[in-house]
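So in full-length UniProt numbering, the last spot in the sequence shown is 182, and the numbers never skip.
Derived by calculation from the structure, the hints in this document are not laboratory data. One thing to keep in mind: the hints can contain errors.
[As the list claims (entries may be wrong)] As a list, the in silico DMTMM-like pairs of lysine to aspartate or glutamate whose alpha-carbon atoms are at most 20 Å apart:
| hint | residue 1 | residue 2 |
| --- | --- | --- |
| 1 | 8 | 28 |
| 2 | 42 | 59 |
| 3 | 37 | 53 |
| 4 | 49 | 33 |
| 5 | 68 | 45 |
| 6 | 76 | 45 |
| 7 | 78 | 33 |
| 8 | 78 | 45 |
| 9 | 68 | 33 |
| 10 | 42 | 53 |
| 11 | 37 | 17 |
| 12 | 76 | 53 |
| 13 | 42 | 28 |
| 14 | 8 | 33 |
| 15 | 8 | 53 |
| 16 | 46 | 69 |
| 17 | 49 | 59 |
| 18 | 46 | 59 |
| 19 | 76 | 33 |
| 20 | 76 | 59 |
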Amino acid sequence: MQSPENRKRAPAWTAWEVLDLIAIWGEDSVLTELRSKRRNEKIFEKISKAMMEKGHTRDSVQCRVKVKELRQAYQKTKGRSGSGPKTCRFYTELHAILGGSATTTPPLSVDSQVGVVISAMPEDSADREDGEEDELAETTQDPFSPTARSFFSSRQNYPPSPPKPVAQTMKPWKQPLVSVPL
């Protein structure tokens with residue numbers, strides 16, 4: 001075992017890394033394998049490889065630990081049963097994967113070619129008229145929802161670009177701040 005001095009912490013997960021991990025984890029093939037096998041090291045190696053294809057450098061252990069943390073955060077938030085606001089940052093996305101029972105198919109599918117999470121829930125369109133459906137879609141569209149195609153298709157505004165270094169934003173002083181007579 002390595003001594004604490006030799007161990008290096010992995011960099012914190014960015015929101016994009018977590019969203020990509022959730023999208024990969026939510027693929028039907030990945031969920032099926034995770035549910036059917038007790039030993040899942042090779043599955044997390046596949047997840048890690050898919051993360052690398054998306055431009056992230058996370059190994060299988062990091063992916064496994066993060067999936068475990070996300071699952072625990074979701075369960076903890078879900079278990080609050082109305083005793084306060086949701087505190088799990090990716091609750092909506094996780095609910096799409098973990099919301100059903102462990103033996104049912106999750107209510108989403110992921111188009112890995114495009115990187116879009118698509119809802120697979122059948123819509124009950126016979127009960128609503130077209131106007132009501134459009135109005136409901138406009139008022140309930142959550143930008144972090146797994147069905148929000150625009151969110152997953154463009155990364156131009158999120159995450160925000162890092163702030164500029166102070167040296168680039170400050171203007172040099174033309175006069176001394178304090179004049180001291182000598």
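Structure-based check of all given hints:
Annotation: proposed proximity of residue 8 to residue 28 is violated, straight-line Cα distance about 34 Å (limit 20 Å). In summary, the hint linking residue 42 to residue 59 is supported, as the alpha carbons are separated by about 12 Å, within the 20 Å threshold. The straight-line distance between the Cα atoms of residue 37 and residue 53 is roughly 24 Å, outside the 20 Å bound, and the hint therefore fails. Of the pairs offered as hints, the one joining residue 49 and residue 33 holds, with about 16 Å between alpha carbons and a cut-off of 20 Å not exceeded.
The suggested pairing of residue 68 with residue 45 holds, with an alpha-carbon distance near 15 Å, which does not exceed 20 Å. Restraint check for residue 76 and residue 45: not satisfied, since their Cα atoms lie roughly 27 Å apart, outside the 20 Å limit. Proximity of residue 78 to residue 33 is assessed by CA-CA distance (about 24 Å); at most 20 Å being required, the pair is judged violated. Between residue 78 and residue 45, the direct Cα distance comes to roughly 29 Å. Violation of the 20 Å bound is thereby established for this hinted pair.
Restraint check for residue 68 and residue 33: satisfied, since their Cα atoms lie roughly 16 Å apart, inside the 20 Å limit. Among the hinted pairs, residue 42 with residue 53 is consistent with the structure: their alpha-carbon atoms are about 17 Å apart, no more than 20 Å. Restraint check: the Cα-Cα separation between residue 37 and residue 17 comes to about 25 Å, which exceeds 20 Å; the hinted pair is violated. Restraint check for residue 76 and residue 53: the C-alpha separation of about 31 Å exceeds 20 Å, so the hint is violated.
Taking the CA atoms of residue 42 and residue 28, the gap is near 16 Å; set against the 20 Å cutoff, the hint holds. A distance of roughly 31 Å separates the Cα atoms of residue 8 and residue 33; the hinted pair therefore is violated under the 20 Å criterion. Distance restraint check for residue 8 and residue 53: the Cα-Cα separation of roughly 24 Å exceeds the 20 Å cut-off, and the hinted pair is therefore not satisfied. For the suggested pair residue 46 and residue 69, the alpha carbons sit about 19 Å apart, so the restraint of at most 20 Å is met.
For the given pair, residue 49 sits about 8 Å from residue 59 by alpha-carbon distance, which is consistent with the 20 Å threshold. Simply put, residue 46 and residue 59 have alpha-carbon atoms about 10 Å apart, close enough for the 20 Å limit, and the pair holds. At roughly 24 Å between alpha-carbon atoms, residue 76 and residue 33 are farther apart than 20 Å, so this suggested pair is violated. A distance of roughly 26 Å separates the Cα atoms of residue 76 and residue 59; the hinted pair therefore is violated under the 20 Å criterion.
Violated hints for the displayed structure, listed by number in ascending order: 1, 3, 6, 7, 8, 11, 12, 14, 15, 19, 20.
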